[in-house]
Amino acid sequence: MALLVYLEAEDSKLKKSAAELASYAAALANGDKVFGLTVNATDASDCGAYGVDEIHVLETAATALTAEQTAQLIAETAKEIGAKTVVIGSSADAKYFGALVAAQLEAAYIPNVVGLPETQDGASLYKRSVFTNKGFAYTKATTETVVIGLAKNAFGAQPNEKSVQVVSMTATLADTKVTSEGTEKASGKATIADADIVVSAGRGLKGPENWGMIEELAEVLGAATACSKPVSDMGWRPHGEHVGQTGKPVATNLYIAIGISGAIQHLAGINASKVKVVINNDPEAPFFKAADYGVVGDAFEVVPQLIEKLKNFKAQNA
Amino acid sequence: MKILVCISAVPDTTSKINFTANDTKFDTQGVQFVINPNDEFGLTRAIWFQEKQGAEVHTATVGTSSVEPIMRKALAIGADKGFRIDAAPSDGFFVATQLSSLIQREQYDLVICGRESIDYNGAMVPGLIAQHCGYAFINACVKLEIEGTQAKAVREIDGGNERLSSSLPLVIGAQKGLVEESDLKIPNMRGIMMARQKPIDVLSAEDVAARTTDIRFERPAVKSEVTLVKPTDLDTLIDLLHKEAKVL
Ligand SMILES: Cc1cc2nc3c(=O)[nH]c(=O)nc-3n(C[C@H](O)[C@H](O)[C@H](O)COP(=O)(O)OP(=O)(O)OC[C@H]3O[C@@H](n4cnc5c(N)ncnc54)[C@H](O)[C@@H]3O)c2cc1C
Ligand SMILES: Nc1ncnc2c1ncn2[C@@H]1O[C@H](COP(=O)(O)O)[C@@H](O)[C@H]1O
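Chains as they are written, first to last, in my numbering: chain Z, 1 to 318; chain V, 1001 to 1248.
Honestly, the hints are just simulated from the structure, not real lab data.
A few of these clues could be false.
Said to hold, decoys possible - Here chain Z is said to cover these stretches of chain V; the calculated rule only asks that three of the stretch's residues, wherever they fall, bring their Cβ under 8 Å from a Cβ of chain Z:
1) 1119-1128
2) 1131-1145
3) 1177-1183
4) 1201-1214
5) 1233-1245
Said to hold, decoys possible - Derived pair list, reagent style SDA-like, types lysine to any residue, alpha-carbon separation capped at 20 Å:
6) Z:Lys-314 x V:Ile-1238
7) Z:Lys-16 x V:Ile-1157
8) Z:Lys-79 x V:His-1132
9) V:Lys-1002 x V:Phe-1049
10) Z:Lys-309 x V:Lys-1246
11) Z:Lys-189 x Z:Trp-211
12) Z:Lys-84 x V:Ala-1210
13) V:Lys-1152 x Z:Asp-175
14) V:Lys-1002 x V:Ser-1167
15) V:Lys-1016 x Z:Gly-262
16) V:Lys-1243 x Z:Ala-318
17) Z:Lys-309 x Z:Val-220
18) Z:Lys-189 x V:Gly-1159
19) V:Lys-1185 x V:Glu-1145
20) Z:Lys-206 x Z:Pro-230
21) Z:Lys-189 x V:Gly-1160
22) V:Lys-1152 x V:Glu-1051
23) V:Lys-1230 x V:Glu-1244
24) V:Lys-1016 x V:Val-1222
25) Z:Lys-140 x V:Phe-1019
26) V:Lys-1246 x Z:Gln-158
27) Z:Lys-289 x V:Arg-1219
28) V:Lys-1002 x V:Arg-1084
29) V:Lys-1152 x Z:Glu-181
30) Z:Lys-127 x V:Thr-1020
31) Z:Lys-311 x V:Asp-1235
32) V:Lys-1185 x V:Thr-1044
33) Z:Lys-127 x V:Ile-1215
34) Z:Lys-13 x Z:Asp-194
35) Z:Lys-177 x V:Leu-1168
36) Z:Lys-33 x Z:Ala-49
37) V:Lys-1223 x V:Ala-1245
38) Z:Lys-140 x V:Val-1208
39) Z:Lys-289 x V:Ile-1017
40) V:Lys-1052 x V:Lys-1143
From the three backbone atoms N, C-alpha and C, an ideal C-beta is built for every residue, glycine too.
The whole structure should be built from the sequences, with the hints applied where relevant.
In structure tokens form, the structure reads like this:
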């Protein structure tokens, strides 16, 4: 049975997440035909390297689609090709249109899925994170059609070269109840959602004037910057940087926490990250129990040295 | 303007999460339930519309009688009336369908949900309601102004913000930023006294089949011991991140 994976595009290119989503879809399809769908991408053939058999590239008159319009295109395509499984990601946009797609397909929606399903009595049980990473549920759908939201960095990209067939077509958009008036985005800066590395700092930094070294460290690493909740509550850093149970979730390869104590609400939100490094001057800070690597030391001494050493490392390994 | 705030009761953020009955149920023992944090931001914004623009604010929760204390808290914060739909919330689809019936009956202009509940993190109820009721929908909403029947909003996107506009009726998924943390409403004595007189209508649930079932649960794997590196030996840290962890 056919399977559909939606691959988000940005600036006419597939986003980085496409590789992981396509890999997951191919593994899930287990030999069945994998259809990809993307909107307004000039070159979408890359996804063939990760197991997509046929990619539909829709061209629309509008450049920025609303969630309603995206959902409509995904649902229409799924119906047209007879897909009973639709795979989407976990970006801010996916968390927006996901429920709309599920509603239009009268499908079950299983978000935050962290791996391939196991089979029990003929049904697929999808492992998904719940309680903001404090637990996992094995969930099955009771409907024939299911929308799977894959958690970021849960599966990884797995090359699987196929000769992908690219089908371009013009799509007609339905009317939308919500209109976009424009976006504000820091250009050229890594985002918490996309970055492989996140450098995060907390109240241990004493004040907003000390963030220069955090930004420099992030720049050396090509990382996004983040912060603990009190730091954004006090206005030291923008709200968009607040990570944790009530902020943004972080699932990067490397999370570096500087001057953050490791409160349960903070840890819940960043636990899905693969490798955690903590820099804190209190050896009793709870974060050390959740970390892979730790430095007990003063951030104001450790971070500048780390920046220098990383610069050297980068120069040698460039 | 008539506003409905949908509120889910979730374990307090400090809760340790355990499972029981052979890992098939969430263990509520010793767990304190609170208003879902995202819903708290939404409720405070609703009360702002009530105070400044004369809106009428109702709340709704799908749950058994055990959720009434948190519903009373929402009334003490300032909501005018609560609806409790009497059923265990089996999944997002079940919950959204119950709430949609109430919304269609009461004809709300604005429905405020949280972006997600911090228990099952479904992030689906507001979108399902919007689709079901044919309302406009804005998720991850960090600013909302309403004038007449027009709404202007800002939503968080990856790495920035998007400005949006729509007509009412509208469903939003609220989160921190919609109001500042320091502006969150907390109940005062007068509010608590007044809440006692306010109605909580109990409605019976419709017979709807859930679309997902959680078969069993699992706790995260226990973490191995941290590797400590001396602050004078950061080369070793870089080496470990490069060769052992392979993240540099
Ligand atoms: C409902 C609710 C939801 C919450 N949600 C979140 C959330 O989503 N995210 C979140 O982060 N928090 C959240 N919190 C807050 C959380 O409980 C903690 O208060 C918060 O995470 C602490 O932030 P912090 O680690 O930056 O500050 P602190 O706890 O004050 O820790 C500062 C740390 O810096 C260290 N330090 C001090 N000086 C130095 C130095 N010179 N060098 C190195 N280290 C130093 C200290 O040893 C200490 O460990 C929530 C709380 C509640 C009640
Ligand atoms: N049982 C419930 N009763 C009322 N509202 C709910 C319930 N469950 C979820 N919601 C609302 O839907 C939002 C998103 O929840 P969820 O889709 O479960 O992540 C919550 O923040 C609430 O506003």
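Structure-based check of all given hints:
no., hint, verdict
1, 1119-1128, "holds (count 10)"
2, 1131-1145, "holds (count 9)"
3, 1177-1183, "holds (count 4)"
4, 1201-1214, "holds (count 6)"
5, 1233-1245, "holds (count 8)"
6, Z:Lys-314 x V:Ile-1238, "holds (11 Å)"
7, Z:Lys-16 x V:Ile-1157, "holds (16 Å)"
8, Z:Lys-79 x V:His-1132, "holds (19 Å)"
9, V:Lys-1002 x V:Phe-1049, "holds (10 Å)"
10, Z:Lys-309 x V:Lys-1246, "holds (17 Å)"
11, Z:Lys-189 x Z:Trp-211, "holds (16 Å)"
12, Z:Lys-84 x V:Ala-1210, "holds (18 Å)"
13, V:Lys-1152 x Z:Asp-175, "holds (18 Å)"
14, V:Lys-1002 x V:Ser-1167, "holds (14 Å)"
15, V:Lys-1016 x Z:Gly-262, "holds (15 Å)"
16, V:Lys-1243 x Z:Ala-318, "holds (16 Å)"
17, Z:Lys-309 x Z:Val-220, "holds (10 Å)"
18, Z:Lys-189 x V:Gly-1159, "holds (8 Å)"
19, V:Lys-1185 x V:Glu-1145, "holds (18 Å)"
20, Z:Lys-206 x Z:Pro-230, "holds (11 Å)"
21, Z:Lys-189 x V:Gly-1160, "holds (10 Å)"
22, V:Lys-1152 x V:Glu-1051, "holds (19 Å)"
23, V:Lys-1230 x V:Glu-1244, "holds (17 Å)"
24, V:Lys-1016 x V:Val-1222, "holds (14 Å)"
25, Z:Lys-140 x V:Phe-1019, "holds (18 Å)"
26, V:Lys-1246 x Z:Gln-158, "holds (17 Å)"
27, Z:Lys-289 x V:Arg-1219, "holds (16 Å)"
28, V:Lys-1002 x V:Arg-1084, "holds (18 Å)"
29, V:Lys-1152 x Z:Glu-181, "holds (9 Å)"
30, Z:Lys-127 x V:Thr-1020, "holds (18 Å)"
31, Z:Lys-311 x V:Asp-1235, "holds (12 Å)"
32, V:Lys-1185 x V:Thr-1044, "holds (6 Å)"
33, Z:Lys-127 x V:Ile-1215, "holds (10 Å)"
34, Z:Lys-13 x Z:Asp-194, "holds (14 Å)"
35, Z:Lys-177 x V:Leu-1168, "holds (9 Å)"
36, Z:Lys-33 x Z:Ala-49, "holds (15 Å)"
37, V:Lys-1223 x V:Ala-1245, "holds (15 Å)"
38, Z:Lys-140 x V:Val-1208, "holds (17 Å)"
39, Z:Lys-289 x V:Ile-1017, "holds (17 Å)"
40, V:Lys-1052 x V:Lys-1143, "holds (16 Å)"
The earlier numbered hints are all upheld by this structure, with none contradicted.
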